[in-house]
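S.K.: Chain by chain, the residues run as shown.
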Amino acid sequence: DAKTTQPPSMDCAEGRAANLPCNHSTISGNEYVYWYRQIHSQGPQYIIHGLKNNETNEMASLIITEDRKSSTLILPHATLRDTAVYYCIVRPNSGGSNYKLTFGKGTLLTVNP
Amino acid sequence: DAGVIQSPRHEVTEMGQEVTLRCKPISGHNSLFWYRQTMMRGLELLIYFNNNVPIDDSGMPEDRFSAKMPNASFSTLKIQPSEPRDSAVYFCASRTKVAGDDFHEQFFGPGTRLTVL
Chain A
1 DAKTTQPPSM DCAEGRAANL PCNHSTISGN EYVYWYRQIH SQGPQYIIHG
51 LKNNETNEMA SLIITEDRKS STLILPHATL RDTAVYYCIV RPNSGGSNYK
101 LTFGKGTLLT VNP
Chain B
114 DAGVIQSPRH EVTEMGQEVT LRCKPISGHN SLFWYRQTMM RGLELLIYFN
164 NNVPIDDSGM PEDRFSAKMP NASFSTLKIQ PSEPRDSAVY FCASRTKVAG
214 DDFHEQFFGP GTRLTVL
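Heads up: the sequence lines are chains A and B, in that order.
Using the numbering used here, read the first sequence as starting at 1 and increasing by one per residue.
Using the numbering used here, read the second sequence as starting at 114 and increasing by one per residue.
Just to be clear, a hint being listed does not mean it is correct.
[To be verified] Here are the simulated PhoX-like pairs of lysine-lysine, each with C-alpha atoms no more than 25 Å apart in a straight line:
| hint | chain 1 | residue 1 | chain 2 | residue 2 |
| --- | --- | --- | --- | --- |
| 1 | A | Lys100 | A | Lys52 |
| 2 | A | Lys100 | B | Lys210 |
| 3 | A | Lys100 | B | Lys137 |
| 4 | A | Lys3 | A | Lys52 |
| 5 | B | Lys210 | B | Lys181 |
| 6 | B | Lys137 | B | Lys181 |
| 7 | A | Lys52 | B | Lys210 |
| 8 | A | Lys100 | A | Lys3 |
| 9 | A | Lys100 | B | Lys191 |
| 10 | A | Lys105 | A | Lys52 |
| 11 | B | Lys137 | B | Lys191 |
| 12 | A | Lys69 | A | Lys52 |
| 13 | B | Lys191 | B | Lys181 |
| 14 | A | Lys69 | A | Lys105 |
| 15 | B | Lys181 | A | Lys100 |
[Stated by the list, open to error] So these bits of chain A aren't anywhere near chain B, every CB distance computed over 12 Å:
| hint | residue |
| --- | --- |
| 16 | Glu14 |
| 17 | Ala17 |
| 18 | Thr83 |
| 19 | Pro113 |
[What the hints assert, rightly or not] With the Cβ distance kept under 7 Å, some of the chain B side facing chain A (calculated, not the full set):
| hint | residue |
| --- | --- |
| 20 | Leu156 |
| 21 | Tyr161 |
| 22 | Pro194 |
| 23 | Pro197 |
| 24 | Phe204 |
| 25 | Glu218 |
| 26 | Phe221 |
| 27 | Pro223 |
| 28 | Gly224 |
Honestly, the hints are just simulated from the structure, not real lab data.
These numbers were taken from a predicted model, which means no experiment stands behind them.
Don't be surprised by glycine CBs; every beta carbon is placed ideally from N, CA and C.
Turn these sequences into a full structure, and let the hints steer you where they fit.
M.R.: Have a look at this one:
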């Protein structure tokens with residue numbers, strides 16, 4: 001699996017947009033970018049995923065650069081409940097190894113009042 | 114839906130004892146995963162079942178660990194004998210196939226926090 005690089009921590013003011021970057025310069029053509037988050041003392045939670053187009057759902061937006069070597073997860077209006085560790089993961093969406101989620105250290109996002 | 118259910122939520126045991134962790138996946142999901150999370154190693158995949166069959170157990174640390182999935186609605190992870198270094202949070206996750214090779218994302222349970230004294 002391609003590796004990802006994320007900043008270890010970030011801060012964000014409540015109500016402001018949180019922009020979490022991720023570098024995945026060795027991503028392969030069949031690999032998607034996935035984002036999960038883990039709130040303290042809970043299991044990881046799926047947020048969003050994408051291949052090359054920008055994606056948006058009720059939780060967040062995912063912006064992937066044209067060369068696919070990096071992406072940004074955007075939480076448009078961060079709340080205190082968004083404080084969590086955010087994991088950026090790349091993996092194939094089909095084929096024999098598409099079940100593997102390789103979690104790195106992620107980014108600890110702290111939303112401040 | 115109740116989500117993935119794990120029991121117990123907390124377990125404290127003494128070194129050498131047998132520990133059994135339990136998981137009930139989301140109804141209709143055909144894949145099940147066991148993960149372990151520690152401060153040192155982060156979140157690691159231990160074993161993956163598809164349609165109740167173990168597909169990848171390369172993450173199981175050693176022979177003291179075993180996992181079973183006797184039916185689609187139940188799985189166990191057993192540690193015998195347990196050691197202090199097994200102390201961790203163990204997560205179970207499940208997912209279902211959408212169409213073709215596409216899959217829904219993994220849904221994680223709340224975890225079991227294991228402490229081996």
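S.K.: Looking at the structure, which of the earlier hints fail to hold?
M.R.: 22 and 23
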